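Colleague: Single-letter residue listing:
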Amino acid sequence: MFEFAQAAVEGALAAGATYADARFGLNRSESMFARNGRIETLRHGESGGVGVRALIGSSWGFMAVAEPSETTARTAGFDAAAIAKASALVPGPPLELADVEPVQAEWTSGWQEHPFDVSISERGDLLVGVTETMHKIAGVTVAEAHLSAWDTQKWFVSSQGSRIFQHIVETGASMGATAVGEHETQRRSYGGIGGSYATRGYELIRQIDMAGNAGRVGEEAVELLVAPECQPGTTDLILGSEQLALQIHESVGHAIELDRILGWEAAFAGTSFLDLSQLGTLRYGSELMNITADATLPGALGTFGYDDEGTPAKRVDIVKDGTWVGVLSGRDSAAVTGLPPGGMVRGEGWNRLPMVRMTNVGILPGTSSLDEIIASTDDGIYMETNRSWSIDDKRLNFQFGCEVGYEVKHGRRGRLLRNPTYTGITPQFWAGLDMLGNQSEWIFWGTPNCGKGQPMQYGHTGHPAVPARFRNVRVGVRGRAGA
Amino acid sequence: MKSGQHDPTLLLDLCSRILDLVGGRAEAEVTVSSGRSALTRFANSFIHQNVAETGQWARVRVVVDGRIASAGTSLLATGLDAMVERALDAARFRPVDPDWPGLAPPVHAPPPPEGAYDPDTHVAAPEARAQVVRDFVAPGGGDAHGAALADALADALADGLTAAGYCQTGGHEVAFANSAGQQLWGHTTRAVIEGIHRSAEGDGGGQQVAARIADLDGAAAGRRAAGKARRSVDMIDADPGDWEVVLEPNSVVDVLDLLTGHGFNAKHHAEGRSFVRLGEQQMDESLTIFDDALDPRIIGMPFDAEGTPRGRLDLVKAGVSTALCHDRRTAREAGTGSTGHAVAGGEAAGPIPHHVFLQPGDRSPEDIVAGVERGLLITDFWYTRILDPKTTVVTGLTRNGTFLIENGQITRAVRNLRFTQSYIEALAPGNVVAVGTDGRLAGESQFFAPTLHLKSWHFSGGAKG
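Those sequence lines, one after another, are chains A and B.
Residue 89 in my numbering sits at position 89 of the first sequence, with consecutive numbering throughout.
Residue 371 in my numbering sits at position 371 of the second sequence, with consecutive numbering throughout.
In isolation and in its complexed conformation, chain A is listed as follows:
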């Protein structure tokens, strides 16, 4: 398949591109949804094509064609260059690329059991079984579960001599129960940010023991309907590791994207409260806060061998002992700022222009266990599993809701609380971090639906996290009385 990518690059260069690269992609996906003991959807998808990127002046031109021949791939390269040239009607400063050593390589993500090799009936039985278990619990109205799997092969060629083949397999699953009350609904789910996802095979599904957790999930959904509501106030907040993963994704991961900092995403995804002049000095959080972007973590959802510019995967410090020290970057954004290229540029597929993307942006573990954190909290709330998330376009003002909360009084976990929410301002919130879970509680959570760009692209990102405690957080934010 390298020949299609090569033809596309040649087409772009012949049409005047100063640099070009192309990816031929072959993507297969499967998804299965079950609801109340019945398989509701079973879908297979397959797509193949080439996307070519041409740089002329201040703009990228990008063209994607499905199912190409060498001729149509070459034409796509021509078209990409023509599109880039048209950008000169509204020109900016010439775009440069930071140097990256050309590579000829192959990389495979590795898996023990390819998800497509597991029979549909076995996978279906799992989903039917867990949704039956949840749905049988009195008060559960809707029980849902789903499995997803992706098999991605891509052949990358650049005009600077890179030729890279990668084969990446990802798998994920989720389940949840919804209980409907007279005035509101309550949901309890299992997994992390919408489920458990990893750059692994079906062994992930066998490991997470959905069947063993289905009953608990259903029961907790029903219990929530009659639980007391999380009251407004300011208190110490303990977050489960999956909620901390979401907190990192929204209030750190997006804020450190260099394209946002440079204003390239200002109209839609937004900008960032971070100013590059503060890199190396800005206090992002307490000294316990150590964040890395590490695309080399085995099995994490943001792991790969090379990004979609051919830059090798790497680990980059983002926040060190509470100080902001790094960004997520690609070759163009790095060149603008003089920073080293981070190898963090990926496209959703062969038909999308690659852009700066989180890899595995996560927090390094501390020394406490969750039990120790709770035991050392005199008055607070423990929240678990995200239910809603909202943050402003500078990644500063956030409000998150969780599925469950628990009172923490005198070092013990107390009553279940419904509708727990918390809100804050990013650096103030992270400054309150004072206890952090340990290595044994470090989990590589993943999210497969990170939206960014126009046209919208959904990225797969990883977020290693542990439980954590934050001091003096505003909780229990609600609408008007009765709402």
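There may be inaccurate statements among the hints.
[What the hints assert, rightly or not] For each label pair, taking beta carbons as the anchor points, the in silico distance ranges come out as: (1) E122(A) to Q183(B): 35 to 41 Å; (2) H183(A) to N407(B): 38 to 44 Å; (3) S369(A) to R92(B): 44 to 50 Å; (4) Y458(A) to R92(B): 26 to 32 Å; (5) T296(A) to R332(B): 47 to 53 Å; (6) A180(B) to G129(A): 32 to 38 Å; (7) D239(B) to D117(A): 57 to 63 Å; (8) G337(B) to L225(A): 30 to 36 Å; (9) R17(B) to G129(A): 34 to 40 Å.
[Unchecked claim] A few chain A residues that don't get close to chain B, going by computed Cβ distances all over 12 Å: (10) G299; (11) D317; (12) R412.
No lab work stands behind these hints: they were computed from the structure.
In this text the structure is predicted, and so the values were computed from the model without any measurement.
Heads up, the beta-carbon is just placed ideally off N, CA and C, and yes, glycines get one too.
Once you have looked at the hints, place chain B on chain A.
Modeller: Below, chain B alone, put in the same frame as chain A:
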């Protein structure tokens, strides 16, 4: 197809070929789509990303003795046999679906809406999009083309403004066929200019949506955005709490999107997750909401993913909830007919309206603002998330221009606020003061909405928390 002209028989023949591949082994429905999409992005007042894609997709859903599976591929030349076999193989492993509603019967469908397709927009060149962008970026008085561009851009820069956004063009055609004999075809085009002008303190947004790129006025959208950005100086913080608000169409569309997608979805309703109580006056009598893919003011395909023809469905009449959106499955369960709201691959999501209108009222936006003693003017909402579908409590933020209104005048720019508000409560009887005359396609969903004047909206936090 370079010319942008379509011959319906090409995709319909492909549908027939896929049905032939299934043969007598299953009931089947097939959708084949083909299209071109191009998008020119600008930031810091210049074009930095410029993309285009020619796309194609085939999808088959097979039903083998009540066992259902679907598969799709973009490999139309080489992948159709494999797609069909994958679907058939998968179906054999599934249990019988006792609620399978059957295929859509062959019935007459309305023709594609007049004006929903424009060949020039389908194949618009990047230079055409760049012109629209140029007009947006430098919208200052007069002709922004040619030599005047530099002056206009200089004006914007002198104001400390930079622009960011996108201009999109594209079109697609869709053919549908099933083994029950239904055959349908339609095509649409869409052109959008949307962006912001940014000042040091705030920004302002502008957006236009049309079926024809020729109908986009980049300068008008840019002037609107720049005007708001210029006013976004000496910004103040508004105190959290309940405020009278004037919602411009983009923010109204966010309200409509969440209310109709969750509430009028028959699947959610059957599960008890909807706020809708049919026959009850749940909204103010000034509000009438309907879904109509065939209305010439919107860009719509005349049939849904199951091959059911679309038409007008009144969801709310004078504040009374009157109907739910159905696909064939929810319709069977409710003992009624599909309303044409099936979503491709969306069995889990249920039926969703995509062509929603809020009937315009009788007050101009200027009159509405003039009638506000003290309130906030909201351009757009951002990152809205529903906390509970039954109460429709939503949290989100204001964006792209928030202003204080005092004694009928816009007096100050306000920093963005966070709200936590039940949408249905905000529209409840007696809570709507006025509905604007200025209906237009707006927002991310590109529904048709006018300005709304509401008595109260709950802001739960300011920019500083």
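Colleague: So, against the hints stated earlier in the document, which numbers end up violated here?
Modeller: Hints that this structure does not satisfy do not exist here, as all of them hold.
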